[in-house]
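Enquirer: Here are the chains, one letter per residue:
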Amino acid sequence: MATLFLTAQPAVAETPNEIQAALKQEAAGASGFQGFSAARGEDFFKAKHGGEWSCASCHSGNPAAPGKHARTGKAIGPLAPSANAERFSNPKKVAKWFKRNCSDVLNRVCTPQEKGDVLAYLLTVKK
Amino acid sequence: MSIYNRKIFQAIAVVLLALGVALPAVQADDDRDGKYVGKYGGENRGKPLQLGQTNSKFQQECSACHIAYVPGLLPAESWRRIMAGLGKHFGSNASLDAEDSKEITAFLVSNASNRWSAPTAPLQITEANWFRRKHGEREIRSSIWKNPHVKSPSNCAACHPQAERGDFSERNIRMP
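Protein chains in written order, with our numbering: chain A, 1 to 127; chain B, 1 to 176.
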């Protein structure tokens, strides 16, 4: 019953800026935090981190464009909120995909700083 | 044509006719419930594959990176194994939270193949005997597999556009 009640609740809709604010709160806990950087986020997004893939391998080098799964070829909707209003609007989904994709790309979890930088970059990408 | 030759000719014709009738009948039995229990060494996909109901969580979570593979393509134990190993799912992290994982596993297990009698539980649909038999060299030329639109044998929808609805019927096959 408790489960039924919980699943009946509508998903908490948030905006990318609210998600960014939550990341900032998390990141501020680390010493020497000086805010997020879109430029650093872009570098992070496009670079490989020791593994086979970068973020761009599946999301394309232009996050306003559709991507394609590097292994299966399955179409992936654009990642930039300007091109895809669903992106960064559901905290559960954001957490799930950062967990999975950071594991695939970096073989570890991403820091709040890295996540915030990437989101800062994605928010600068125009459609 | 001598009478002797004509007799041989007729005999061959009768044999061919019998084969011609018998072969499609055997093929049709591929999809008949219960009659050939040990077909494909017991590694047979379920029937029917069309789902009376689907599961929205399954659709949402299992078709982000690949097509939503119909549960009836593998036995229940395969799905249990796959769902228990999502942290390393064919080289990728596909982990789910406990609640979603439980719901999707239940859906997969209760709709798994109902014709799988072998004690096997492959992690890949393409390892199943029924799959290998239906996609062997006699069925599909090697050039088809190399086609960039196909990419991999796991890409069902390249030739079976209705794959996600569980429709793999021969009349709906579209080779790229």
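Take the hints with a grain of salt, since some may be wrong.
The list that follows gives simulated cross-link-like pairs (lysine to aspartate or glutamate, DMTMM-like), each with its CA atoms no further than 20 Å apart [said to hold, decoys possible]:
| no. | chain 1 | residue 1 | chain 2 | residue 2 |
| --- | --- | --- | --- | --- |
| 1 | A | K92 | B | D167 |
| 2 | B | K57 | B | D100 |
| 3 | A | K96 | B | E77 |
| 4 | A | K96 | B | D100 |
| 5 | B | K102 | B | E77 |
| 6 | A | K93 | B | E137 |
| 7 | A | K96 | A | E86 |
| 8 | A | K96 | B | E99 |
| 9 | A | K99 | B | E77 |
| 10 | A | K74 | A | E52 |
| 11 | A | K93 | B | D97 |
| 12 | A | K93 | B | E99 |
| 13 | A | K48 | A | E26 |
Derived Cβ-Cβ restraints for the label pairs, each shown as a range [stated by the list, open to error]:
| no. | chain 1 | residue 1 | chain 2 | residue 2 | range |
| --- | --- | --- | --- | --- | --- |
| 14 | B | D167 | A | R40 | 39 to 49 Å |
| 15 | B | Q60 | A | A22 | 20 to 30 Å |
| 16 | B | D100 | A | G35 | 30 to 40 Å |
| 17 | B | I173 | A | E18 | 13 to 23 Å |
| 18 | A | K93 | B | S152 | 20 to 30 Å |
| 19 | A | A22 | B | Q50 | 19 to 29 Å |
| 20 | B | R132 | A | K92 | 31 to 41 Å |
Residues on chain B that point at chain A, a partial pick, calculated with CB under 7 Å [said to hold, decoys possible]:
| no. | residue |
| --- | --- |
| 21 | C65 |
| 22 | H66 |
| 23 | S92 |
| 24 | N93 |
| 25 | K146 |
Derived from the structure by calculation, the hints contain no laboratory data. A quick note: this is a predicted structure, and the numbers were derived from the prediction, not measured. Every residue gets a Cβ at the ideal spot worked out from N, C-alpha and C, and that includes glycine.
Enquirer: Now tell me, hint by hint, if it's right for this structure.
Expert: Hints and how they fare:
no. : hint                         : verdict
1   : K92(A) - D167(B)             : violated, 33 Å
2   : K57(B) - D100(B)             : holds, 7 Å
3   : K96(A) - E77(B)              : violated, 26 Å
4   : K96(A) - D100(B)             : holds, 12 Å
5   : K102(B) - E77(B)             : holds, 14 Å
6   : K93(A) - E137(B)             : violated, 42 Å
7   : K96(A) - E86(A)              : holds, 15 Å
8   : K96(A) - E99(B)              : holds, 13 Å
9   : K99(A) - E77(B)              : violated, 27 Å
10  : K74(A) - E52(A)              : holds, 18 Å
11  : K93(A) - D97(B)              : holds, 11 Å
12  : K93(A) - E99(B)              : holds, 14 Å
13  : K48(A) - E26(A)              : violated, 25 Å
14  : D167(B) - R40(A): 39 to 49 Å : holds, 48 Å
15  : Q60(B) - A22(A): 20 to 30 Å  : holds, 23 Å
16  : D100(B) - G35(A): 30 to 40 Å : holds, 34 Å
17  : I173(B) - E18(A): 13 to 23 Å : violated, 48 Å
18  : K93(A) - S152(B): 20 to 30 Å : holds, 27 Å
19  : A22(A) - Q50(B): 19 to 29 Å  : violated, 43 Å
20  : R132(B) - K92(A): 31 to 41 Å : holds, 39 Å
21  : C65                          : holds, 5 Å
22  : H66                          : holds, 5 Å
23  : S92                          : holds, 5 Å
24  : N93                          : holds, 4 Å
25  : K146                         : violated, 14 Å
The structure fails hints 1, 3, 6, 9, 13, 17, 19 and 25 (numbered hints given earlier, in ascending order).
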